[in-house]
Amino acid sequence: MIAQLPIVSMVMLLGMALIIPLFKRRNFSVTTSLGFVVLLAVWVLTLLVLWHVRVEGPMTYRFGNYEAFLGIELYIDLFAVLFVFFILSLIMVIYVYSTGDATEGVAEKEYGRYYILLFILLFAMLGIIYTNDLFNTYVFMEILSITTVSIISIKRKKENYTASFRYVMLNEIGSLSYLFGVALLYMVTGYTNIGLVAESIGQHWTAYPANATTAIGFMVVGVGIKSAVFPFHVWLPDAHSTAPSSSSAILSAIVVKVYILIMIKVLFRVFGLSVLDVIPVSTLLIAVAATGMIMGSMFAMAQTDIKRMLGYSSVAQVGYIVMGIGLISVLGLQAALFHVVSHALMKAALFLSVGAIIYKKKIRKVSEFNGMGFEMPVAMVVFTIAALGMIGVPMTTGFISKLNLGLAALDGGQAVLVFVLIVSGFLNALYYLPIIINAFLKDNPSQIRVMRVEKIPKTMLGPLVVLGALIVYFGLFPGVLIRVLEAVAASLL
Amino acid sequence: MFKRNKTVCDHPQLKQRSVIGRFTVVSTVLVLFSIAFVGLFIAGVHGDIGVFEWVREVAVLRAVYRFIYELRALPLLIIGLPFLGSVAMLWFGRNSCNGRDSIVIAMTSLTILLTVFTYPHALEGGFAYSIPGVFGLGLSFNVDMLGFTMLMVTSVIWFLVMVYAHEYMKKEFNCNRFFFFMGITYGAVLGTIVAGDLLTLFLFFEIMTFASYILVIHGQKEDSYHAGYSYIFMGIIGGFAILVAMLLLYFTVGDLAFDSAIAALSQHGSARYWIIGLLIFGFGIKAGMAPVHVWLPRAHPVAPTPASALLSGIMIKLGAYGILRIAVSYYFPPVGTDGGDALWLTSQTIGSAVIWIGIVTMAIGVFLALQQANIKRMLAYHSISQMGYIVMGIGVAMYLGHIGAMGYAGAIYHIINHALFKSLLFMVAGVVFYHTGESDMYKLGGLWRKLPLTATVCLIASLGIAGIPLFNGFISKTILHHGIVEAYQYGHPTFFYAELIFIVISAGTVASFIKLFYYVFLRKMPARYRRITPEYNNLDTAMAMMALIIVYIGLNPRFVLDTFIIPQFDTLAYSADFVQTYVVGLTFFTAADLWLMLGIVVFGFIIFIGGKRWHLFHLKLPYWMSVEYFVFYPMNWIIKNACRLMYGDECKYNDETITKLRLKDNKDIGFLDRFKIMATVFNTRFEKRIIRSDAFIYTVFVTGVLLMMLVMRLV
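Residue numbers (the numbering used here), protein chains in the order written: chain A, 1 to 493; chain R, 1 to 715.
One or more of the hints may lead you astray.
In silico DMTMM-like cross-links for lysine to aspartate or glutamate, where the CA-CA straight-line distance does not exceed 25 angstroms [stated by the list, open to error]: (1) A/Lys158 <-> R/Glu687; (2) A/Lys455 <-> A/Glu368; (3) R/Lys660 <-> A/Asp305; (4) R/Lys688 <-> A/Glu454; (5) A/Lys442 <-> R/Glu222; (6) R/Lys171 <-> A/Asp443; (7) A/Lys458 <-> A/Glu172; (8) A/Lys360 <-> A/Glu108; (9) A/Lys362 <-> A/Glu486; (10) A/Lys157 <-> A/Glu368; (11) R/Lys620 <-> R/Asp341; (12) A/Lys442 <-> R/Glu172; (13) A/Lys360 <-> A/Asp305; (14) A/Lys157 <-> A/Asp77; (15) A/Lys365 <-> R/Glu438; (16) A/Lys360 <-> A/Glu159; (17) R/Lys221 <-> A/Glu368; (18) R/Lys660 <-> R/Asp223; (19) A/Lys155 <-> A/Glu199; (20) R/Lys688 <-> A/Glu375; (21) R/Lys660 <-> A/Glu454; (22) A/Lys361 <-> A/Asp305; (23) A/Lys157 <-> R/Glu687; (24) A/Lys362 <-> A/Glu375; (25) A/Lys361 <-> A/Glu199; (26) A/Lys442 <-> R/Asp694; (27) R/Lys688 <-> A/Glu108; (28) R/Lys221 <-> R/Glu172; (29) A/Lys158 <-> R/Glu222; (30) A/Lys365 <-> R/Glu687; (31) R/Lys221 <-> A/Glu159; (32) A/Lys157 <-> R/Glu222; (33) A/Lys158 <-> A/Asp305; (34) A/Lys458 <-> A/Glu159; (35) R/Lys221 <-> A/Glu110; (36) R/Lys688 <-> A/Glu110; (37) R/Lys660 <-> A/Glu368; (38) A/Lys365 <-> R/Glu172; (39) A/Lys442 <-> R/Glu687; (40) R/Lys170 <-> A/Asp443.
Read the hints as simulated data drawn from the structure, not as lab findings.
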């Protein structure tokens, strides 16, 4: 019974997406509240599953009771449920915000479409995480990227179209690379079910080294494109900066991470340590990650548009995560997973607070932030907390990430990476701190001089505060999260 | 909340009161009471006077004493009090300046009282408290005698400076913000001191960096931002250095508590040198150690006086405290064991480097201080130089291994003394500025007639810093001198030159303060200052109290030594015999020391007269000799040519931002700015290209990856 809950929740999300058009005539708040109820229901279901999995261990669900090698399987383990739970919680916060933000820049009659896309997006992400089938993953990946493209181009402007076109082209290349890798694996093993592939690969891959190597290369690169790992980041800044703020937050904080979870699944579930020890994936990932950590920050430093800057900052942060994965150790994976959570919180907070500022003040330029701390104190304080987290100041999740990643790097005997981490953190300081300083300490002559809470909808203010508090909370008491993630990492390796 | 650019306080400097204000009277009484309480308590614990017998007879007092004594969370309470006080202060300070300052002063005096109660525990060896779970590793606090000493110095000086700040800040804007962040900084400083492991220390150290940034740029002028920029970014670099060291240490030792880790560290080749090197670098930035002192002479003068008094008096000491703490805990063998030479080896190697770093810091500081016209800038350079003494002391403490107790005692003693007289000197500079609006010493003069009390305390502090007998500086400098002499007697003979430099620098300090006193207080008074009317207020209370403490220590050198320093040796691995013979048996005011001091004073006078005669105080050093230029020149050169590298001859130097790259002067545009501009150049040149060549990147990358994997697999 419990094993059916994931598929039920996915169907609920899909159903919600489908019934939104029926409420076209009603007041729009009906749609949004119904959506929230569905989200909440799914969240509760996932919580149940999480509790069950934590106590009873992983379980599988088969569609139509076909055998594993024929049918599609959902594998519901701690890794999957934990991240689904996290994604749902974060989406709920962002969802509440998005109702206040009124999807800035979107025509009123298109609100419904935005929420339809949002629910399909969520459906696809759940599918990707739960599914235990390589080809099925590809299908969900396609759904996810097409939905993402539609969300990016929901504002009918020229730059949105360019950005989404670039996104769709590159991501298609990525998907196809991934598919090619799956095909190569199918050639060797004859399965697409992850469990069976892994079993078969472990036994037979030495007979087909070229196949396995090519497959791993294509799959990692394919997923790498979609998760904006450094040299393939080119689609990200445009896409994330032109999308509406709440969806930028979803894209940067969650969607990119989902692809990273696929990468983790592919590397550790499908191939496993025996293959990874021989094929030099680790070197590759670490090299790419280290370059990305520095170059992402370098590009971010030069941006004048704040949302582009945040986009490039994501590129650097993805580098941190990939570095943790590339270390191929429990510590490294745990640090990477922690940073998935931590970066999702921080980046969501950054995009939402900037979104609030754009919503209220209609400014996007970094240079126009002078004195913003006095006009929009809540948004700016949350921005500050998240930005300090990015730098790695204690009492934020970013610090814990740095600590874990640094320890994992030392444990892997890669002391140089600690240096890269620190340099990257310093570069972050170099572009985040001036914004904070200008916002709180410099004057903008045309401003009121007394600090008071800004007048933006409460539904926008609340999520901001929640995110800021979560960043600090997990920065102070990461213990529980770290222990759970350690169990997850140990189960993956 | 914060009201910006609008002071809540009225501006009372326009109307001169003839009687002493009520606030002044109350705070003066409080100051006297607090100091008396500290004295009585310590005397009581020592058993010098029977205060405790009296306390024991009164049931209420006894209950209160037992309650606080048994409160395990006392260290946390000490840290928490300033944080709470800051919030309370914002609330009470909405409308009234005095209300806010009452909270501030009450909070700081209460901290002194609480601090005093840690003394019995500290004397017994430590007072540990921990909060598990925070950061995953847990925070721990421990007050031992070293911590207690620092707490005592900090809380007393902070209290006095806050009393001073009440009056001084009436002339400044944004007082609420200032006092709020002052409180946060205070909490962070106390936290740094009572930290029981490196992680806790790092946490509070970072809070201190960020909170005190607001104090540095309080003036919100162009040069404050400039100074603040160096301050915060160097602070962050220092923080990162400590973080890396912490990671290495945790990785090699598996524990961050302040216990001897040298046995474990010795097995890991070069890691132990990296760890201590990074820690010395990180803490050294805050301590104003050469060559990473560059932020200090910029940041200290621009901050409002109470902030610069505390920056120079307390905060830079925390850098030294950090070095000392890690050196004596991690790098010393466990207490009670001799350790053998093998375990001391690391500490000795590092120690010799630290001694020379200290000497260089001293020399640079004094030399540049002599060239300054701005009083606060001159004092800032002296802070660097005096930190050099302390760092040198720490170096000796490490270098001589188990007989390095003299260096240790000297470093601690000088931390105490320098905290006292440097805060006092900054306060004097503040008072002069408060009354005249001028901080260029060549434009001042003859102020002793108008500000007799200020002149007196300035004289006392100057005599202290110059190391004249009967004032506190003499004591610590003598101990440090003994330390450096021992370094070449028991160690390497080259430290003889270190001693020589030490003496010359002491003479330079004397000359510098003769100069300060002469130009500011003696000479003929410029006509525009004739209308200054002195009045007695909190400024004078705080300064007078500080001066009294200086004189007291100068006259009773054994008090600090016996009460604060000698008990610390119980928890250190120093040879007990050596401590007993040389440190406990130390006699002050011996003929040799006095003669040496006389020589130094005479030499100082000669420097002063010679300098004045031949205008040596206005030497402008060629720019290439400054540290910034020296360190950053190669990098700046590369960055300057970055544009040409990227664009070839078509470099858009006429573009407004890029033009700045060409500037030669580091003062106008620092390294970080240049770096940012370079990133912009890079971005405009390559960003679009990279974005457009997406398919190309993909092809190249995939082919490359596959080739690499196949080749590596097949080979």
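Legend entry - Numbered hints the structure breaks, given as an ascending list: 4, 7, 9, 11, 14, 15, 19, 20, 21, 25, 26, 27, 29, 31, 32, 34, 35, 36, 38, 39
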